[in-house]
Amino acid sequence: MGLKPESTPQATTNTLSELDLNEPRSVSRVAILGRDYRGINFELLCEEGDRVTAGSVLMRDARRPEIVFTSPGAGSVARIERGLRRRLVSLQIDLNETVGITRYTAPETQEQSSLRAFMLESGAWTALRTRPFGNIPNPDGEPAAIFITAMESEPLAPAALPIINSFAAEFRAGVNALAGISAATLYVCHSKGNSLPVDESVNLRCVPFSEGHSAGLPGVHINALCPIGFGGGEVWHIGFQDVISLGHLLLHGTAWLERVISIAGAAVKGPGMFRVPQGASISDLLDAGSYQGPVRVVSGSALRGQAATGGEAYLGAGHDQITVLPETVTDTPENSGATTGVLIPNDALEDLAPPGIFPVPLMRALQVGDVDRARDLGALELVEEDLALLSYACLSKSDYGLLLRNVLNQLEGAG
Amino acid sequence: MANYYGNNSLSRIHKLQLLSLLPVSIAAVFNVGYQYLTALALNPGNGTDDFRSSLVRGLGASHQDPGFYDLLVAGLAHMVPILLVALIAGGVWERIIAEQRKRPFEPGYIVIALLFTLLLPGAAPLSHVVFGMSFAILVGKGVFGGEGKTFLSPALLGIAIVQISFPSAANFHPLWNGLAGYSGSEAIALYHRGGEAALASADINLWSAFIGITPGPMGTTSVFAIALGAGVLLFSRIIAWRLLLAQVIGLVVTATLFNILGSGSGASAMSANWHLLLGSFAFGAVYLACDPVASSCTNPGRWIQGFFIGALVVLIRVANPTHPDAVIVVILLASILAPLIDYAVISVNIHARARRHV
Numbered sequence: 001m002g003l004k005p006e007s008t009p010q011a012t013t014n015t016l017s018e019l020d021l022n023e024p025r026s027v028s029r030v031a032i033l034g035r036d037y038r039g040i041n042f043e044l045l046c047e048e049g050d051r052v053t054a055g056s057v058l059m060r061d062a063r064r065p066e067i068v069f070t071s072p073g074a075g076s077v078a079r080i081e082r083g084l085r086r087r088l089v090s091l092q093i094d095l096n097e098t099v100g101i102t103r104y105t106a107p108e109t110q111e112q113s114s115l116r117a118f119m120l121e122s123g124a125w126t127a128l129r130t131r132p133f134g135n136i137p138n139p140d141g142e143p144a145a146i147f148i149t150a151m152e153s154e155p156l157a158p159a160a161l162p163i164i165n166s167f168a169a170e171f172r173a174g175v176n177a178l179a180g181i182s183a184a185t186l187y188v189c190h191s192k193g194n195s196l197p198v199d200e201s202v203n204l205r206c207v208p209f210s211e212g213h214s215a216g217l218p219g220v221h222i223n224a225l226c227p228i229g230f231g232g233g234e235v236w237h238i239g240f241q242d243v244i245s246l247g248h249l250l251l252h253g254t255a256w257l258e259r260v261i262s263i264a265g266a267a268v269k270g271p272g273m274f275r276v277p278q279g280a281s282i283s284d285l286l287d288a289g290s291y292q293g294p295v296r297v298v299s300g301s302a303l304r305g306q307a308a309t310g311g312e313a314y315l316g317a318g319h320d321q322i323t324v325l326p327e328t329v330t331d332t333p334e335n336s337g338a339t340t341g342v343l344i345p346n347d348a349l350e351d352l353a354p355p356g357i358f359p360v361p362l363m364r365a366l367q368v369g370d371v372d373r374a375r376d377l378g379a380l381e382l383v384e385e386d387l388a389l390l391s392y393a394c395l396s397k398s399d400y401g402l403l404l405r406n407v408l409n410q411l412e413g414a415g
Numbered sequence: 001m002a003n004y005y006g007n008n009s010l011s012r013i014h015k016l017q018l019l020s021l022l023p024v025s026i027a028a029v030f031n032v033g034y035q036y037l038t039a040l041a042l043n044p045g046n047g048t049d050d051f052r053s054s055l056v057r058g059l060g061a062s063h064q065d066p067g068f069y070d071l072l073v074a075g076l077a078h079m080v081p082i083l084l085v086a087l088i089a090g091g092v093w094e095r096i097i098a099e100q101r102k103r104p105f106e107p108g109y110i111v112i113a114l115l116f117t118l119l120l121p122g123a124a125p126l127s128h129v130v131f132g133m134s135f136a137i138l139v140g141k142g143v144f145g146g147e148g149k150t151f152l153s154p155a156l157l158g159i160a161i162v163q164i165s166f167p168s169a170a171n172f173h174p175l176w177n178g179l180a181g182y183s184g185s186e187a188i189a190l191y192h193r194g195g196e197a198a199l200a201s202a203d204i205n206l207w208s209a210f211i212g213i214t215p216g217p218m219g220t221t222s223v224f225a226i227a228l229g230a231g232v233l234l235f236s237r238i239i240a241w242r243l244l245l246a247q248v249i250g251l252v253v254t255a256t257l258f259n260i261l262g263s264g265s266g267a268s269a270m271s272a273n274w275h276l277l278l279g280s281f282a283f284g285a286v287y288l289a290c291d292p293v294a295s296s297c298t299n300p301g302r303w304i305q306g307f308f309i310g311a312l313v314v315l316i317r318v319a320n321p322t323h324p325d326a327v328i329v330v331i332l333l334a335s336i337l338a339p340l341i342d343y344a345v346i347s348v349n350i351h352a353r354a355r356r357h358v
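From first to last, the protein sequence lines are chains U and Z.
Residue numbering for the first sequence follows my numbering, starting at 1 and increasing by one per position.
Residue numbering for the second sequence follows my numbering, starting at 1 and increasing by one per position.
The shape of chain Z in the complex, shown without the other chains (with noise of 0.2 Å):
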């Protein structure tokens, strides 16, 4: 029996969820320069004395009238400290865990650092990034065994642990305009307080949303590129289909259920579409919710779960305005029953089985 294995492997996972996220990192360097050379250009002064701000102006990118050399080399100038930090801290740990636990090294690291980049503001301090990658890999990954024996989105781990720990981070720093210190965009409270007038008075409207120059954590902003990188993981089949499209019927149920039967004021009365293209949800359910070995493993444990965080997401945001995007917690949380839910449908079909007459 079995002449014959596939040619899967962890390392072609890994490739594929990088490729996957080339799209997201592309439009987070383009968001990135382009809030940050934008907020300058409103207020020179502010955030000039960051290292980073240094290296902008040092590689002579200019917010006055920004172009492409501007854009990039801005957002490049924010986003490749933190991940090559992410990167040195995750790499080192993996490395420490190896020698220790006597165990192979695991490249699988280099996925988790970035996907953990992308959820941090582009101003976020480097020592939050080493504190938080650290967590990821020693909490989220190396105590459970190593990859595929994990139980919760390493990535998602880290940008948790960070949130709680450090909920007033924000300084002047322009990059952190615009945004509810680590907890991500603070446009759905913008809404909460004054409805699509307020968003539009912060520039925000749907093709923004969508394209993704708002401001928010780097990653998250650009719906567009997470489709993309979506494409890909769904293509080669490494997240389940049933747990993403269960998550955008959840969400776009309950926002609904909330547009007929709300109150009208606040959140309740945020259209789907607005839900889907604000804050990290789009990001989250993507990348942290459909961790293939995080997320249920049935199939009726997959729309369960994922009807579960879209649902959750809204009326997180809807009844709780002090919290205004949700999405990592209640994925936190789902990913944490998702054992439970297993269990409840594993325990039906056994059920079944015990019913048969042979």
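One chain only, chain U, in its complex shape (with noise of 0.2 Å):
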């Protein structure tokens, strides 16, 4: 099925001067997503053929005016694509270096409200997520912790450490920062064996976990240390590029505008990782000689990722992965004959579910739409990324992430 991988990326150096990532892969084309931020209704500060700096304001949330999105590029805006009921697929940028990067002045002072002004202001702010929900945090939002996911655990993923000691100033002033923003502890959970360039203290803790399927998912860390129950509070988590970002901002008072990224999957020749322009075309990246056969290109991994397909074929945010799967027919009568739709339970589900949740009951529920149930088994624990092994396991065929976005989608309604 594509997810055994046949050469994995995974780095086992260091740093990644080591790996051949010196010259940053070059694309014509980048855009923003909008399906990578949730609930925000986009409010455009620019018009197509606008010509824009790297890092300056293009977009941002009609609802909370103080959240901008900023330019992942220097050029001009090429197109500007909407779907259904108008909403946002994609604002697309031509690259072109010479119109220059927005910069930002770092903030004198380490207190609360002088770093959230500047993680405002750049767009940095975007990069955290609530949980429950998976929203961006309200601007005077108080978490009760804070998690930096300095781990990876998807298949084909690039390994999270090298990439952290190639920034190793830029990762610990982003840290820094991030343990600023709030009274709550910033947890910075990472492999068991890896140290990182991180100086802990009393509301900064370094935390270790186990390798394994799952581990590196953000729900994951909340529940061992943070667990969310009826109480209506919230915690935060950024991916430890997004904190790279921050602190590049604050170091050099540009934003970073490049990620490293694996490109992998059974179906592509010449798998590795490069260093490629934040929300970089993807069919920039992969030309027609870099793959076999059909393919399916998936921003993110092969279990969780989101296909890039027409105005949404570009590296989506907080992603450090494209994956090219072979095009398999996997809608076979079997499948999707008559016996779809039935959920029978086994104890293998049990070891796919995400830690403290009933995978069984928790599925029947959101089978049903039954909100309550859902939201009593956990569902404000949970977003998409955490059901995709029930989905891929249960011989039902449902969507869980969906089923349950619904339900998330009801239970924030009701506030």
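These are computed hints drawn from the structure, not numbers from a lab.
Quick caveat, the model's predicted, so the values are computed rather than measured.
Every residue gets a Cβ at the ideal spot worked out from N, C-alpha and C, and that includes glycine.
Worth double-checking, as some hints may not be accurate.
[Stated by the list, open to error] Under 10 Å between C-beta atoms, here's a sample of chain U residues computed to sit facing chain Z:
#	residue
1	Gly293
2	Gly341
3	Pro345
4	Ile357
5	Arg364
6	Leu380
7	Tyr392
8	Ala393
9	Leu395
Could you fit the two chains together into a complex? Lean on the hints.
The structure is reproduced here in structure tokens:
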């Protein structure tokens, strides 16, 4: 099914300098994808054809105008693509380095308000996510804890440690800033045996997690350290590359416009790790000779990534891999026939479920759309990615991520 | 999301279930043949007016010094008619349900028919087979909306209704020897009356009970074959190992407690290995209690339900000599209680979630 790595790009070296990553892969177009920021009603502050500097403000949240989205690259706005109900699909920018880059001045003090204001104006705030629901947090929100996901457990994903070590100063600066935006404890969750360039303190803790499937999901870390109940509170989390980007802004005044990703999967020729522009066009990264046969391209991992097609064929926010899978006909008559829709419990589902969750009762509640029951069973602790393995293993072929999101939308609306 | 779905499917599960029943079926055929021919050797006039006896004779199987062919023919002559009738009855009802309810035809009844057949004695009248199988498909499966939506194992329901409806079904057919009607093997009642000596006089020892050359419902006698089948189901993770292990633990713990604390008379002195080998416990534990849809669906619930089954089987065997086997009734009760067990387990989980500070 393309999940067994034929060649894994997991780096064994300590830093990236030993990998041939000096020359970033160039693309002609980058984009911001609407689907990466759920629940946002985008208010556009630019038009097609506008020349924009890297890091300049392109859009903001109509409901919370302090939250702005900044340009992942310098150039001109090539296309603003909209989908159903005029939802933003993507804002695409043709790159042209001569346009220049916007500089931001790091705050002089480590005060909470100035750090938050800096993150908001520079667009770094949009990399934070809340749990429950997976939204961008409110600018004045108070989390019970903040989690930095400094590890990767997805199949074929690049290892986190070499990337962090290559940008150690930026990572440290980003971590220290995040420790300052709230009084809550900041947890840096990393693989067991790794030591990170972080100075621990009372409210900044490094927590090792054992490797294994799903071990790198923020949901797993949150469950272990600050589990979510029914109290109405929230925790925040952020990925390690976005922490590096925040540190880059603080140290150098400009956003880190690159990401280190792996391009891998059963159908790709020459898989490996690459430096690519943030939001890079996937069709530019994968030219015709770089894969074999009919393929399905996914931004993210095979299990939890999102299809990269049409106006959404760009590297998604927070994604650190592009997976190229051979297109297979999975809907054989046997699968698409009558027997679908039935949930046969077995104890293998128990191993694939997020920690602390009883999978079969939750899956049943999600299937029938029982919102209260799903909440009782822990739906607030979860987002789509946490249920990807259950969707994979359950022979009902239900997309439990989608069903969960329906339930979460109702819970969020009910307030 | 959900770019990929696994290659798991209902038909794969059915195939693995049939594969796991293959050793049990083979053991059943040869034991039925063996039981029939040895009974005939002792009393050649017994049961000869039965159509199955005519079939055995017509195919040239002889009870004098029976060989491989004789055993095979005698076994198939008894098992195949029951299986065929169960398949036809089940298939007809499946077809009717599919057409009346505008639902797709579900081939899962094949597994149910084989399970039901293996729970019957080789001499079961075909009318009873039709009755039990019809009940299994209609009430056990059809009214709940089909496979995966049931709350009891259909085959279990079928054998239970036959047990209740025909308590005195046994006639002079030799394959009823050593059986308490549809309730299963009489071996535990024998033990009640005379301990291991009574078993020995009926040619039942640990080895014959393990291999499965003792009287009993067709599929339940060979614990060895059932263990092979259980291996297939455990390896493919169709049944939950916790539930199976918990049943064995419940049985062993309770039997041992009775051995130590009991009166020493009747089945209270019966050791755990006899409890495991005699009667339908092994078959019921693997194929009926572990039905993935009809059992508890949380891990703590699986431990509780399994222990409950094992313990209650021993308790009824010891305390109620008129109900020598108890397995079918206990598993039926445990399956009915499974949602309640899950409810309790989930309540604990929800309360723990409510105590969190976020």
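Each hint tested on the structure:
{"no.": "1", "hint": "Gly293", "in the structure": "violated (17 Å)"}
{"no.": "2", "hint": "Gly341", "in the structure": "holds (8 Å)"}
{"no.": "3", "hint": "Pro345", "in the structure": "holds (4 Å)"}
{"no.": "4", "hint": "Ile357", "in the structure": "holds (9 Å)"}
{"no.": "5", "hint": "Arg364", "in the structure": "holds (8 Å)"}
{"no.": "6", "hint": "Leu380", "in the structure": "holds (9 Å)"}
{"no.": "7", "hint": "Tyr392", "in the structure": "holds (5 Å)"}
{"no.": "8", "hint": "Ala393", "in the structure": "holds (5 Å)"}
{"no.": "9", "hint": "Leu395", "in the structure": "holds (4 Å)"}
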